[in-house]
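Residue numbers (this note's numbering), protein chains in the order written: chain A, 46 to 438; chain B, 6 to 490.
Hints are not guaranteed to be accurate.
[Unchecked claim] DSSO-like mimics (lysine-lysine), calculated; alpha carbons at most 27 Å apart, straight line:
| id | chain 1 | residue 1 | chain 2 | residue 2 |
| --- | --- | --- | --- | --- |
| 1 | A | Lys311 | B | Lys395 |
| 2 | B | Lys488 | A | Lys242 |
| 3 | B | Lys460 | A | Lys360 |
| 4 | A | Lys204 | B | Lys455 |
| 5 | B | Lys415 | A | Lys204 |
| 6 | A | Lys174 | B | Lys352 |
[Claimed, not checked] Below, a sample of chain B positions facing chain A; criterion: calculated Cβ distance under 8 Å:
| id | residue |
| --- | --- |
| 7 | Gln361 |
| 8 | Phe363 |
| 9 | Ala367 |
| 10 | Glu442 |
Keep in mind the hints are simulated off the structure, nothing from the lab. Idealized CB from N, CA, C, for every residue including glycine.
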Amino acid sequence: MSIKDKIAVIGIAQTKFGENFDMSYEDMAVEAAFGAMEDAGVGPDDIQAVWLSTFDPSITGGMGRAGSTIVDVLSLRDRPVSRVTNYCSSGTDAFRNACFAVASGEYDVVLVLGCEKMRDVGSRESLVKGAAEGGHPVWGKGMTAPGMFAMRATRYFHKYGIGRETLAKVAVKNHYHGSLNPYAHFRKEITVDKVLKAPLIAYPLGLFDCTPTTDGAAAAVITRAENAKSFTDEYVLVKGLGLSVGVGDRVFFDPNDPVLNFQSTKEAAKQAYEMAEIKDPRKEIDLAEVHDCFTITEILNYEDLGFAEEGEGWKLIEEGKTYKDGEIPVNPSGGLKSLGHPIGATGVRMIVEVANHLLGRAGDRQVKDAKIGLAHNLGGPGSVATVVILGQP
Amino acid sequence: MQKLQRGGATMAGIKSVGVHIPYYRYPRSDWVKVWGQEQLAGIMLGEKAVANFDEDPVTMGVTAALKACQDNPAGIEALYFASTTPPYLEKSNAALTACAVDLTEDARTADFSGTLKAGTSALITAWDCVRAGSVKNAIVVASDIRLSEPRFYMETMMGDCAAACVVGEDDVIAEIKDAVSLNTEFTDVWKRISDRFLRYDDERYSSTHGYLKYVPLVLKKLFQKTGLTPENINRIIAYAPEGATYMAMAKRSGFPQLWNTDPLLLQIGNAGVASPLIQLANYLTEAKPGEKIILVGYGNGADAILLEVTDRIENYRDRIDIKKQLEAKSTDVTYAKILYWRNSLKKNVDSPWEFQPFTSIASIDRQRKYIFALYGQRCTKCNTTYYPPKRVCPSCGERDSSEDVKLSKKGTVYSFEIDHVFPNVEAPTCMTIVDLEGGGRVLTQMTDYKPDEVKVGLEVELVFRKYHEAKGIYHYFWKARPKRF
Chain A
46 MSIKDKIAVI
56 GIAQTKFGEN
66 FDMSYEDMAV
76 EAAFGAMEDA
86 GVGPDDIQAV
96 WLSTFDPSIT
106 GGMGRAGSTI
116 VDVLSLRDRP
126 VSRVTNYCSS
136 GTDAFRNACF
146 AVASGEYDVV
156 LVLGCEKMRD
166 VGSRESLVKG
176 AAEGGHPVWG
186 KGMTAPGMFA
196 MRATRYFHKY
206 GIGRETLAKV
216 AVKNHYHGSL
226 NPYAHFRKEI
236 TVDKVLKAPL
246 IAYPLGLFDC
256 TPTTDGAAAA
266 VITRAENAKS
276 FTDEYVLVKG
286 LGLSVGVGDR
296 VFFDPNDPVL
306 NFQSTKEAAK
316 QAYEMAEIKD
326 PRKEIDLAEV
336 HDCFTITEIL
346 NYEDLGFAEE
356 GEGWKLIEEG
366 KTYKDGEIPV
376 NPSGGLKSLG
386 HPIGATGVRM
396 IVEVANHLLG
406 RAGDRQVKDA
416 KIGLAHNLGG
426 PGSVATVVIL
436 GQP
Chain B
6 MQKLQRGGAT
16 MAGIKSVGVH
26 IPYYRYPRSD
36 WVKVWGQEQL
46 AGIMLGEKAV
56 ANFDEDPVTM
66 GVTAALKACQ
76 DNPAGIEALY
86 FASTTPPYLE
96 KSNAALTACA
106 VDLTEDARTA
116 DFSGTLKAGT
126 SALITAWDCV
136 RAGSVKNAIV
146 VASDIRLSEP
156 RFYMETMMGD
166 CAAACVVGED
176 DVIAEIKDAV
186 SLNTEFTDVW
196 KRISDRFLRY
206 DDERYSSTHG
216 YLKYVPLVLK
226 KLFQKTGLTP
236 ENINRIIAYA
246 PEGATYMAMA
256 KRSGFPQLWN
266 TDPLLLQIGN
276 AGVASPLIQL
286 ANYLTEAKPG
296 EKIILVGYGN
306 GADAILLEVT
316 DRIENYRDRI
326 DIKKQLEAKS
336 TDVTYAKILY
346 WRNSLKKNVD
356 SPWEFQPFTS
366 IASIDRQRKY
376 IFALYGQRCT
386 KCNTTYYPPK
396 RVCPSCGERD
406 SSEDVKLSKK
416 GTVYSFEIDH
426 VFPNVEAPTC
436 MTIVDLEGGG
446 RVLTQMTDYK
456 PDEVKVGLEV
466 ELVFRKYHEA
476 KGIYHYFWKA
486 RPKRF
């Protein structure tokens, strides 16, 4: 059974992404969840099951640790709720599981909520603390999220001869798109020079090569495609889903790993393209929200998603082809670079964004004639990749 | 006439030596500027060796020990660890060192401490054990990082380093012919558990009634016991506190021409328990077969050990890399850095590490061989060597098909990145992926490096270093260090 055209996304919503100091985890969850339900024209009683995505409950005092959080924040009682955690792919993985549940016929109307509150603590207290305190007592100690991708940037530079300037162009593009997106954390345009002069985070990555620490929530309501019209005329269909788990936490100890591209993205994309019957992604995909936690990651994503040959991803950005009006628009939202990356929420936010373009609701950043869109998450780094393809009905 | 000694089964002595001198050297002239002590400029000459933030007497001792046994501990049945500044007071530093040197659990281990002559006392003990037939070979490790109070001139006299030697009966390069010892209850330089820094009283009295009294006395005792005279001796290598006192000692002895002309004070400093052994290692790079050396340790008495160099030294001396280590240095260290590295700057938290990394004694214990002795695994089905250990081969997927193999500590950088955010004691932290000779890939931190030195393809060596503290336990692992010679 292929999932293609079986699931409809009938309601979507997201909060502003940023340092939402005036909003709690609950506030964001309520805004996103009820926003999506209203958009779908359903009420809380219509929701038969929920999939929740939160990456780190330890910095929220436990919110998001288990399905019961949905009762705490939405007062949605007495129904099945599963919490999904798969690093940065949690949101799309939650969505994927919800789709299969609905496609099975077991549930008709399901809510997917991604919510992450990272800034109730200092930004060092979330991911930096996690890096310092987590993991094996000694193996790999010193590794951080930016470090993981910086390792790959070093190899990429070594193999293909590019430098920081090329990476900077990814940041410039995404900040430009972000300036057009009212939901973005960062809304100012930047220059290559500013990127190169910024403080180093994990050489060769500097401050502007990295996604910031951000709060946010996003939600989607789904149902089976044949029921969509009974809720709304404005919906999109799921065309393909992919999930692949590749190298794990000890990736840099693996003697076979080239420390470059991500096999998990390639595999997840392959699954999704097969389901969606897409043969030439560069031509057939109208827009892609890809996981640009770091500038180098976006370049590797171009290659792993089939938008460029291996080793040629850097050319796409050098040639400006991935701007919203370019040949293959990538991250017209501004990406993780300027939206920020509330980890559990990002995947769902991407689905919301792609749907908005397909429905013509993307305002100043609208990609013209968007019919098929792709959302891609890459977590852990490289260990979990997900791809979701949505299309107009 | 001196009879040339040949190596043989009945001779017990030193078979090999190894040293570790920290990469960083602090010019003493800088101290003069920091504290405005121009009147001391005349004695503030040369450099002192400064242990990096990730070094301690155990890590330095491991490094020296591995050089002494060439990373092959076969036949070493005892390890004696000497230090006046051991990282642990109750938890065997000797056992910790033995684990990293990969001795078996059958090896004898003992911690020697309490005074500066602990190094030579450990050597005498090792010799006695080997002669008695209790152990085939013993390794003696002497290592110190001594601290004197900031602003007191003594702090720049200290030098951090370690020296080790293997004692056995076959293939000795220097036979130990005799040894004598004197002990005395005396208070010259001391420290209690509650003291952070060394205490001194009257330096003149300490000198005249300590060092300048007991060293000549122990030499006299050795001459009496052996029937030798100064005319029979080629070199005296003794603990050297600092230049003026050392010179006074040489003069007082009546035969200053025998005294080691380079006690390494200007390149390392007062090397504590390691002083006699590290000077010996240096001297052996030039010693001739047949030379008689008296090795003197001092502290609450004194030890004197009579050595005779064998002709094996000719083929061995090139393996002593002390001169290369002396040269391969960086003076890019400030006074403030030294205080910070030694945790002498007050902060709000006790530990220099702000966060509490997860740790598990049980988990580390299960993996002891892999963490401390750097064993990896090799799959017998597909021949892939990998690290850390895995039940299921990461290459071919075969389960429980692998054997433990000791990995090489030499390799090349496959990739690296330099992290400015990771909360280490020193920043930035360079993380590197190292492909080891013979197989295995390790992700670890770089140490003793200059940022622009790191490149893909750089040759590195893995050295035993302190990663961090957690739960009040020092966590050690292997870091990569640029191969400089």
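So which hints don't hold here, by number, going up?
2, 9 and 10
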